[in-house]
Every structure is written in structure tokens, then in C-alpha cells.
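Novice: Below, each chain spelled out in residue letters.
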Amino acid sequence: MVTSVTSFGRSGLADWVLQRVSAVVLAAYALCVLGFFVTADSVDHTKLVGFFGSLPLKLFTTLAVLSLAAHAWIGMWTVGTDYVRRHYFGRAHTLFLAAYQVVCLAAIFVYVLWPLSVVWGDA
Amino acid sequence: MQISIYRYDPDTDEAPRMDDLSLELPAGRDLMVLDVLELLKAEDPSIAYRRSCREGVCGSDGINMNGKNGLACTTPVSEAAPRGKLTLRPLPGLPVVRDLVVDMGQFYRQYEKVKPWLVNDTPPPARERLQSEGDRAKLDGLYECILCACCSTACPSFWWNPDKFIGPAGLLQAYRFLADSRDTATAERLAALEDPFSVFRCRGIMNCVNACPKGLNPTRAIGKIRTMLLQQGI
Numbered sequence: 057m058v059t060s061v062t063s064f065g066r067s068g069l070a071d072w073v074l075q076r077v078s079a080v081v082l083a084a085y086a087l088c089v090l091g092f093f094v095t096a097d098s099v100d101h102t103k104l105v106g107f108f109g110s111l112p113l114k115l116f117t118t119l120a121v122l123s124l125a126a127h128a129w130i131g132m133w134t135v136g137t138d139y140v141r142r143h144y145f146g147r148a149h150t151l152f153l154a155a156y157q158v159v160c161l162a163a164i165f166v167y168v169l170w171p172l173s174v175v176w177g178d179a
Numbered sequence: 009m010q011i012s013i014y015r016y017d018p019d020t021d022e023a024p025r026m027d028d029l030s031l032e033l034p035a036g037r038d039l040m041v042l043d044v045l046e047l048l049k050a051e052d053p054s055i056a057y058r059r060s061c062r063e064g065v066c067g068s069d070g071i072n073m074n075g076k077n078g079l080a081c082t083t084p085v086s087e088a089a090p091r092g093k094l095t096l097r098p099l100p101g102l103p104v105v106r107d108l109v110v111d112m113g114q115f116y117r118q119y120e121k122v123k124p125w126l127v128n129d130t131p132p133p134a135r136e137r138l139q140s141e142g143d144r145a146k147l148d149g150l151y152e153c154i155l156c157a158c159c160s161t162a163c164p165s166f167w168w169n170p171d172k173f174i175g176p177a178g179l180l181q182a183y184r185f186l187a188d189s190r191d192t193a194t195a196e197r198l199a200a201l202e203d204p205f206s207v208f209r210c211r212g213i214m215n216c217v218n219a220c221p222k223g224l225n226p227t228r229a230i231g232k233i234r235t236m237l238l239q240q241g242i
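Residue numbers (my numbering), protein chains in the order written: chain R, 57 to 179; chain G, 9 to 242.
One or more hints might be untrue.
Computed spacing ranges between beta-carbons, pair by pair [what the hints assert, rightly or not]:
id: 1; chain 1: G; residue 1: Pro131; chain 2: R; residue 2: Tyr139; range: 49 to 55 Å
id: 2; chain 1: R; residue 1: His143; chain 2: G; residue 2: Arg91; range: 28 to 34 Å
id: 3; chain 1: R; residue 1: Tyr144; chain 2: G; residue 2: Lys93; range: 28 to 34 Å
id: 4; chain 1: G; residue 1: Glu152; chain 2: R; residue 2: Val166; range: 49 to 55 Å
id: 5; chain 1: R; residue 1: Val135; chain 2: G; residue 2: Val127; range: 33 to 39 Å
id: 6; chain 1: G; residue 1: Gln240; chain 2: R; residue 2: Val89; range: 32 to 38 Å
id: 7; chain 1: G; residue 1: Asp38; chain 2: R; residue 2: Val159; range: 52 to 58 Å
id: 8; chain 1: G; residue 1: Asp17; chain 2: R; residue 2: Tyr139; range: 28 to 34 Å
id: 9; chain 1: R; residue 1: Leu151; chain 2: G; residue 2: Asp17; range: 34 to 40 Å
id: 10; chain 1: R; residue 1: Asp138; chain 2: G; residue 2: Leu29; range: 33 to 39 Å
id: 11; chain 1: G; residue 1: Asp52; chain 2: R; residue 2: Leu151; range: 57 to 63 Å
id: 12; chain 1: R; residue 1: Leu161; chain 2: G; residue 2: Gly241; range: 22 to 28 Å
Because the hints were derived from the structure by calculation, they are not lab data. It should be emphasised that the depicted structure is a prediction, and the values quoted were computed from it without experimental measurement. Every residue gets a Cβ at the ideal spot worked out from N, C-alpha and C, and that includes glycine.
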């Protein structure tokens, strides 16, 4: 048993399941949005607001954004723990890995807050 | 035949090097790569490699031949070097002891983690623990592993995390005991594998399947361990 406090679910099984469930959510969301653009006669601001402003799609967008955040963290954490290696960074390895993870977390935080503020904001 | 062979003695060499050699092979015979190594060693006794059974049973002479891991004793030269030049390197990802000899310590430590022995706390029967033919058949494709390390040292996930990812050879053996109807430690074995590294660092690259000289399929075994973990976890 290898412990890791920074993995998403602290469990390989949980991360593995979540990554696949979130991928399905993102695929469904992409098809939903693609379907709108393909079937719409014309797309303008009013139609976009009407489509994305409906409560079901606001909830679906929120679910997709949270899925993206979980999916991205699991993926980026895996990339970091593969490639940010003691072999390359020596004693500073832990510092580099922590810095990498903080940057990833900050980016994901912005990618969550920004679309959610657009979807649920007053404008 | 043109041969390029990896040479490194950490006690005397500053860095590894590839030596280019030329060797006259007997005409009309397709030698095994191990035979070529023996001929080379006859000319230069300082060349180091492991060997024992010379028939694909002991797993001692796992090396990298023209970029692919395999057993030198069961790989014909014509297969390893179809274009005529044979390049011999040690198994990748493990520390080199000397020339083609690698330190297998990390590989064995991962193997040890899966407790590769039968666990059964029930009182032993008078003679032996019996299995049905069907239960015995579940071990086919698993028990044949000879621990040559060709699979684990072909796996990028094992290269990156050799201290955390058990690797295809160890996981094949983990499933060999999970699948054994006589073993009673299934829950404990699965609990020990559930972390983000031991099993789940496998990305399904399948280099292990390509490299295994015994034709085994560690990726399928890893998939079955994941299924067992999922069934237990849901």
C-alpha cells in the first residue's frame, strides 16, 4: 500500500472510477452543446443566453465544470508524479512537485470559478 | 555479423559505452543470441551477462536486443536482428551492475509486496488442498511466469515509479494468488493494492504483453485485479 495525501480520492480505485465517470459526463456535455449548434438555424446572443440560461443546462454546465476539475486534477497529478522525478530534480524534487501541484490547483480553481460565475452570475 | 554491445563497469568506467564488434558466425545455422554472447565471451572474457538453463526456463538472461526485451537463449539472431546488426543492451530501468547484468533488487522488492505465496488459515487437510479442474484452469497463463523482468523493465510506468508501481510481473503474480480457489486472503490482498500507485499506475500501454518471452498477458491480469477491486468497492 502506497499512501499519497495529494491524490484526489486518496484511493487509486476512487480516482480511476471518478476519471471515467467524469469523462462520460464531459462527453455527454460536449454532445449536448454540439447538438445545439448543429440543430440551431442561426446562433446569436439571445439564443445562446436562452440555451445556456435554462435551469437544466445551468445544472449540467455546473456538473461538467466540476467533472472537468476532477478529471484535470487526477490527470495532472498523475503526470506530475510520473515526470517530476527525484532523478531530475535531486533534493529539490519535493519542492518542484509541490510547486507544480499548487500551479495546477490554482489553474483548476480559476477554470471552475470563471465558468460558474458566468453561468450563475447576474449578467 | 556486426554487433554493438553495451559495456559498463562502474568500478573503472566513468560512463557507459557501446562497443562495435565484428563476429564470424557459422554458416547455415540460426544461432540464438545467447550463443552469440558465448562466442563474444570466448574472445573477450571480460564481457558480463547472466545465464543458466539456456532453454527459457530460468529467466536469467533477460536483455534488450535491438530495442526489445527478451531472453537471449530463446531469441534467434534472425529474429532479433533481421537487418543484420545486433545491438545488445541491459534491461532498461534497472541499475547496471556491469555490462548486461542489472541489479534486480527493486524488481524483487515489488514482487515480494504481493505476498507470492498461498495464504490459507484453515486447518490443513491430511494430504493436500484440492482444487476442481475448473479452478485449476484459472491459474493457466499466470503460474508460468519465470520472473525474467522483461515485462516490468519494458513498462514506462515501472521506469517512472519503480518503488511504488508493482509492475506487470508482480501484478501477474498478485492475480495468480487472487484467482487461486485455495487462497483465503483475497480481501487483504485487494486492500493492499487499492492505492493510486500499486495497480492503478498501469496505463494499459501493453509493452509487457509485447515483451513477455513466455507469451503471458499481464495487462489482462491487471484488468481483472481492477475488476475485483471495483466489485469489492461498490
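Novice: All hints are to be evaluated individually against the structure, with a verdict given for each.
Specialist: Tested hints:
no.: 1; hint: Pro131/G <-> Tyr139/R: 49 to 55 Å; verdict: 51 Å, holds
no.: 2; hint: His143/R <-> Arg91/G: 28 to 34 Å; verdict: 33 Å, holds
no.: 3; hint: Tyr144/R <-> Lys93/G: 28 to 34 Å; verdict: 32 Å, holds
no.: 4; hint: Glu152/G <-> Val166/R: 49 to 55 Å; verdict: 52 Å, holds
no.: 5; hint: Val135/R <-> Val127/G: 33 to 39 Å; verdict: 36 Å, holds
no.: 6; hint: Gln240/G <-> Val89/R: 32 to 38 Å; verdict: 37 Å, holds
no.: 7; hint: Asp38/G <-> Val159/R: 52 to 58 Å; verdict: 55 Å, holds
no.: 8; hint: Asp17/G <-> Tyr139/R: 28 to 34 Å; verdict: 31 Å, holds
no.: 9; hint: Leu151/R <-> Asp17/G: 34 to 40 Å; verdict: 35 Å, holds
no.: 10; hint: Asp138/R <-> Leu29/G: 33 to 39 Å; verdict: 37 Å, holds
no.: 11; hint: Asp52/G <-> Leu151/R: 57 to 63 Å; verdict: 46 Å, violated
no.: 12; hint: Leu161/R <-> Gly241/G: 22 to 28 Å; verdict: 26 Å, holds
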